[in-house]
Amino acid sequence: MNVDNSTVIRPMADAKSLRRAFGTFATGCTVITTGGASPHAMTANSFTSVSLEPPLVLICVDRGAVMHQCLTSTGSFGVSVLAAHQEAAALHFADRWRALGAAQFEPVDWTPGRLTGAPLLDGTLASLECELWRTYDGGDHTIFIGKVISLHQQTDRDALLVFKGKFRQISPDWSEVPA
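Numbering (this note's numbering), first residue to last: 1 to 179.
Calculated directly from the structure, the hints in this document are not laboratory data. This list has only true hints and no planted wrong ones.
What follows is a set of in silico ranges between Cβ atoms, one per label pair, in the way DEER data are often shown:
#1 T111 <-> A15: 35 to 41 Å
#2 F163 <-> P107: 22 to 28 Å
#3 F22 <-> V66: 20 to 26 Å
#4 G123 <-> F22: 23 to 29 Å
#5 T155 <-> L100: 30 to 36 Å
#6 E106 <-> A65: 19 to 25 Å
#7 S73 <-> F163: 30 to 36 Å
#8 D140 <-> T27: 17 to 23 Å
#9 F22 <-> E106: 27 to 33 Å
#10 L151 <-> W97: 28 to 34 Å
Glycine is no exception: its CB is placed at the ideal position from the N, C-alpha and C atoms.
With the hints as extra help, turn the sequences into a complete structure.
This is how it looks when you write it as C-alpha cells:
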C-alpha cells in the first residue's frame, strides 16, 4: 500500500485546520448587501445556487455578524458576483473596521436594486435581488435561502475567485460555453 506523505489525517479538526481544508475548495467571490434605513454589505464566498424552479440561492452568515441582523430585519438581500477587477471591493467589504451604514458604500460604484433597494455593485459578473424565502440552522451560521426576483448578468468579464485564502482570477473561453 502506497502512502502519500503529504496527506494529513486528523480524527477531529481544529477550527484553523478546518478553515484551511475548506479553503482548498475554490469559490467565487460575492458581496451580499441589504438596503433599508441602514444599508449593509459583507464579502462572502458561501453563496451557491439551490434551485431553478423556483429560482433559489443560499448564503451562510455567522450569527454574530452585523449582516445576520440586517438580513432578518429587511427580509431581502442583493448579491453582487465580483469580477476579477473587483478585488479591492472584496477586501473593503471584508474589513471589520470600515464605516457602517451608507458610508461603507462611498468607495465603490453601486446602483440601488429596483425591487429591494439593496445596493448592487457596478461592474460585476452578475447581480441578483432576492427575497428571503427560508432560514435554517447551520451551527454557528444561519443558512439564508433567497428567492431570486431580479437578475442582471454581464458575461464579458473575468471572474474573481478565492482559493486557499488568496484571490485568483479565471478567464473562461466563452466560445466553449453552450448558448
